[in-house]
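Visitor: Sequence:
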Amino acid sequence: MEEKKLDVNSLIGFLLIGGILLWMLYMNPSAPEEVEQTTTEQVVTPDASPEITPAQAVQTSDSAAIAQAASRLGAFGYSATLASATENETSVENDVLALSLSNKGGYISEARMKNFKTYDSIPVYLIKDGNAAFHLNFTTTDGRVLNTKDLYFEPSVTKNGETTVVSMKLKVSANEFLEYRYVLKPGEYMLDFSIRSQGLNDVFNASAPITLDWQLKGYRHAKSIPYENRYTELVYEYDGGDDDYVTDGTDEEENISYVAYKQHFFSSILLTDTPFPNGKLTAEDLVEDEEVDTVYTKAFASTFPLELKGGELNYNMNWYYGPSDYKILNDYDRNLDEILPLGWGIFGWINRYLFIPFFAFITNYMGYGLAIIVMTIAIKLVLSPVQYKQYLSQAKMKVLRPEINELNEKYKDNPMKKQQETMKLYSKAGASPMSGCLPALMQLPVFYALFMFFPSAFQLRQKGFLWADDLSSYDTIAQLPFYIPFYGDHVSLFPILASIAIFIYMMMTTGQSMQNMQQPGMPNMKFIMYLSPLFMLIFFNNYASGLSLYYLTSNLITIGIMLVIKNFIIDEEKIHARIQENKKKPKKQGKFARKMQEMMEQAEQQQKKGKK
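Per this note's numbering, the sequence shown runs over residues 59 to 670.
Since the hints were made in silico from the structure, they are not lab data. Heads up, a few of these hints could be off.
In silico DSSO-like cross-links for lysine-lysine, where the CA-CA straight-line distance does not exceed 27 Å [stated by the list, open to error]:
| hint | residue 1 | residue 2 |
| --- | --- | --- |
| 1 | Lys217 | Lys186 |
| 2 | Lys447 | Lys624 |
| 3 | Lys482 | Lys447 |
| 4 | Lys281 | Lys186 |
| 5 | Lys521 | Lys438 |
| 6 | Lys172 | Lys385 |
| 7 | Lys217 | Lys172 |
| 8 | Lys281 | Lys521 |
| 9 | Lys468 | Lys456 |
| 10 | Lys175 | Lys275 |
| 11 | Lys482 | Lys456 |
| 12 | Lys175 | Lys385 |
| 13 | Lys385 | Lys281 |
| 14 | Lys338 | Lys186 |
| 15 | Lys175 | Lys281 |
| 16 | Lys338 | Lys367 |
| 17 | Lys207 | Lys275 |
| 18 | Lys207 | Lys186 |
| 19 | Lys475 | Lys456 |
| 20 | Lys275 | Lys385 |
| 21 | Lys456 | Lys438 |
| 22 | Lys175 | Lys186 |
| 23 | Lys175 | Lys243 |
| 24 | Lys624 | Lys438 |
| 25 | Lys385 | Lys521 |
| 26 | Lys275 | Lys186 |
| 27 | Lys482 | Lys470 |
| 28 | Lys217 | Lys243 |
| 29 | Lys367 | Lys207 |
| 30 | Lys385 | Lys243 |
| 31 | Lys521 | Lys172 |
| 32 | Lys338 | Lys275 |
| 33 | Lys172 | Lys186 |
| 34 | Lys438 | Lys385 |
| 35 | Lys281 | Lys172 |
Produce the complete structure using the sequences and hints provided.
Guide: Here you go:
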């Protein structure tokens, strides 16, 4: 194929055309006034959108465009004429918290914890990139329905020592406005916040509702999103001190004094000095697939009506953006400690007045992993007398087992008689199967309180021990190349060790008794022994390693105490001899035992008459 070449004539033609274009541009430049006029004509062309944002109006500096925006906004159109009618932000901070406030809407558009990182070393943001919104909806006297999220506030920042005050004003005129006022004090996660209006009694339509809407999508901050999501919830206080929560759904309540969007170890809280008369509270679980939905945990939304007083708004409130730490929340004396799931009734009491102070004390002198072990040892030593009684009861029942088997064989055709003789044997020997259950029941409040304590212990967050790099999350000794439902994509060692310890403990305490209780035709009772270790192995693989460390330590200590009691304290031969002595002694029956004996004898007599 012949190659095309650029000849001399073509080259001269291109140069001449280029020269002519340059000469035309040089001789005919567009005047600045003409460029501006062209831009203005593009803005007001009939084919364009009839609605012009205040920011566009300010940028064009066109009186007609400003008038159009002001007309659409009514009295609040004045704000569209101000230089603040842009989407700029005002940034303030203290030594623990950094905030940004948006001119558009006047709300907090970014909240960052300065002293904390996520599991992957990114700063902890509670608000960022539009995951939160805060606005008022209201109707004006001329029938306009407006939302503050679409309006522009004028910011001003003042300093009072180390305290920073930010005033965001949505203006009707120089002296008429709706104001959000934020006060950030040094070292505080809590901000003073107020909503007030001045000179708007003729602007607000008093017969139409004014509503406050607050929304937030919680970012994931922890390594295990299902574990973090389990403790992510909306908590609120109502009726002067009662509290409740929403994990997935909607609640409606009256006289609400605070609402907390709790994201396990961090919380965003709105408090009000004047309780909202009612409110609609919603939480939505955003994690449908744990492998895919890994950015957000839950979406929260709250809607409250605001009341005018003398035609004006005047609410004193507070914002809290900070850690879900019991000490910090409790120090505010606003019942914010109720946000933490420490347990109801006696369980919460044990945590608040025993475990939390004791754990805080010992962590002053040692690392957090060692503190868990020391705390577990102290608890087991305190409960050792109860465990001694439990094991003593088990030893008595073990000694009596041959005689109980004889009664079962002798009266196998007469269940009523078998029950009577068995109760007589227990009474004479001074033993009871219930005496072993009661000590175990006494320990349940302690065990449940600890089960609630460790997931709420903010101090454990990102504290390492042995192979675990974070006691508030799972430990990992192996990463699986696939995902197992309910188990996860990793292997945690602490749950494995705790499962083995639980299995050994159950073999020592219930293995023999379950074998003796096995009856023909009944399902294998020994399966129960394997259920608890299996549950620990699977369920706790994604739980906090600190909780698994506690269970491991607790069961190892329990096994040790039982071996000491069995080998050095309790002598089964002496127990048997004591039982035989008790059987020889006349034993006075109590009223309850005597009444039960009489009822059983009457039932036996009626059974005999029925057979005749």
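Visitor: Now tell me, hint by hint, if it's right for this structure.
Guide: Hint-by-hint comparison with the structure:
For the hint linking Lys217 to Lys186, the alpha-carbon distance of about 25 Å falls within 27 Å, and the restraint holds. With a C-alpha separation of about 12 Å, the suggested pairing of Lys447 with Lys624 holds against the 27 Å cut-off. Simply put, Lys482 and Lys447 have alpha-carbon atoms about 22 Å apart, close enough for the 27 Å limit, and the pair holds. With a C-alpha separation of about 20 Å, the suggested pairing of Lys281 with Lys186 holds against the 27 Å cut-off.
Of the supplied pair hints, the one linking Lys521 and Lys438 holds, its CA atoms being roughly 24 Å apart against a limit of 27 Å. A C-alpha spacing of about 19 Å is found between Lys172 and Lys385, which places the hinted pair at or below 27 Å, so the restraint holds. Of the pairs offered as hints, the one joining Lys217 and Lys172 holds, with about 21 Å between alpha carbons and a cut-off of 27 Å not exceeded. Between Lys281 and Lys521, the direct Cα distance comes to roughly 14 Å. Compliance with the 27 Å bound is thereby established for this hinted pair.
Note on Lys468 and Lys456: the hinted pairing holds, with a Cα-Cα distance of about 19 Å set against a maximum of 27 Å. With a C-alpha separation of about 18 Å, the suggested pairing of Lys175 with Lys275 holds against the 27 Å cut-off. Among the hinted pairs, Lys482 with Lys456 is consistent with the structure: their alpha-carbon atoms are about 17 Å apart, no more than 27 Å. Taken as a hint, the Lys175 and Lys385 pair is honoured in the structure, with Cα atoms around 20 Å apart against an allowance of 27 Å.
Among the hinted pairs, Lys385 with Lys281 is consistent with the structure: their alpha-carbon atoms are about 24 Å apart, no more than 27 Å. At roughly 24 Å between alpha-carbon atoms, Lys338 and Lys186 fall within 27 Å of each other, so this suggested pair holds. Between Lys175 and Lys281 the alpha-carbon distance is near 12 Å, which keeps this suggested pair within the 27 Å criterion. Taking the CA atoms of Lys338 and Lys367, the gap is about 22 Å. The hint holds against a cut of 27 Å.
At roughly 17 Å between alpha-carbon atoms, Lys207 and Lys275 fall within 27 Å of each other, so this suggested pair holds. Note on Lys207 and Lys186: the hinted pairing holds, with a Cα-Cα distance of about 16 Å set against a maximum of 27 Å. Taking the CA atoms of Lys475 and Lys456, the gap is near 22 Å; set against the 27 Å cutoff, the hint holds. Proximity of Lys275 to Lys385 is assessed by CA-CA distance (about 26 Å); at most 27 Å being required, the pair is judged to hold.
Restraint check for Lys456 and Lys438: the C-alpha separation of about 24 Å stays at or below 27 Å, so the hint holds. Taking the CA atoms of Lys175 and Lys186, the gap is near 15 Å; set against the 27 Å cutoff, the hint holds. For the given pair, Lys175 sits about 22 Å from Lys243 by alpha-carbon distance, which is consistent with the 27 Å threshold. Straight-line distance between C-alpha atoms of Lys624 and Lys438 comes to about 17 Å, which keeps the hinted pair within the 27 Å bound.
For a cut-off of 27 Å, the pair hint linking Lys385 to Lys521 stands: about 18 Å separates their Cα positions. In summary, the hint linking Lys275 to Lys186 is supported, as the alpha carbons are separated by about 10 Å, within the 27 Å threshold. Distance restraint check for Lys482 and Lys470: the Cα-Cα separation of roughly 17 Å lies within the 27 Å cut-off, and the hinted pair is therefore satisfied. For the given pair, Lys217 sits about 10 Å from Lys243 by alpha-carbon distance, which is consistent with the 27 Å threshold.
At most 27 Å may separate the alpha-carbon atoms for a hinted pair to count; Lys367 and Lys207 meet this at roughly 23 Å. Between Lys385 and Lys243 the alpha-carbon distance is near 19 Å, which keeps this suggested pair within the 27 Å criterion. Between Lys521 and Lys172 the alpha-carbon distance is near 18 Å, which keeps this suggested pair within the 27 Å criterion. At roughly 17 Å between alpha-carbon atoms, Lys338 and Lys275 fall within 27 Å of each other, so this suggested pair holds.
For the hint linking Lys172 to Lys186, the alpha-carbon distance of about 14 Å falls within 27 Å, and the restraint holds. Only pairs whose Cα atoms come within 27 Å are accepted, and Lys438 paired with Lys385 is accepted, the gap being roughly 26 Å. At roughly 20 Å between alpha-carbon atoms, Lys281 and Lys172 fall within 27 Å of each other, so this suggested pair holds.
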